[in-house]
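Please model the entire structure based on the sequences and the hints provided.
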Amino acid sequence: MSTSGAKANTSGRLLEETVTRTICGWLPEIKILLAKDRTHEDPPLLVRHVPYRSIYGTPSKTEFVLVLPDKSIRIECKWQSVSGSVDEKYPYMFLNMSTVGEDEVVFLLDGDGAKRAAIQWLKSACQGHTGKPKMSVHTISSFVGWVQHGCK
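Quick note: the sequence shown uses my numbering, first residue 820, plus one each step.
Since the hints were derived computationally from the structure, they do not count as laboratory data.
Simulated crosslink set (BS3-like; lysine-lysine; CA at most 27 angstroms straight-line): (1) K880 / K971; (2) K850 / K890; (3) K971 / K850; (4) K897 / K934; (5) K897 / K971; (6) K942 / K897.
Derived CB-CB ranges, DEER-like: (7) K934 / I851: 30 to 38 angstroms; (8) D856 / G950: 28 to 36 angstroms; (9) T877 / S960: 27 to 35 angstroms; (10) S943 / K880: 24 to 32 angstroms; (11) T837 / D922: 21 to 29 angstroms; (12) Q939 / S917: 12 to 20 angstroms; (13) G964 / D889: 18 to 26 angstroms; (14) L914 / H859: 25 to 33 angstroms; (15) H968 / H948: 20 to 28 angstroms; (16) H859 / K880: 19 to 27 angstroms; (17) T858 / T949: 28 to 36 angstroms; (18) E907 / P847: 34 to 42 angstroms.
Glycine included, C-beta positions come from ideal geometry on N, C-alpha and C.
The following block contains the structure:
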């Protein structure tokens, strides 16, 4: 019998795999690499496990940064299949991502467990965020459409 933590890890990996397959389908020539292995490669790149400093000054990681010729997009993935605490982390996640150096940040949220009010808060915060980075919230289906339209 799996623990809830093991199930959450499996769901998170499936969400990350969906990101990888979607982007590779759109950009078959993309190079995928870990941030720790990155030297100087030309775009397009999908960089995994990208470090940043949290608002507390501590080391943290984002699942992906998509590096395109004209912009870079940080992709933060959160899966919540049952009610729990991930939606309470949205303000912290938003504040952390508002300080990164990429041109855009995409929050990829899915599963049925997050509170609707929490998701709406994050969407409103992203819409109200002015300047760099541009921020948006997606589900798997809207993410796939966003990628198919050239990440616009």
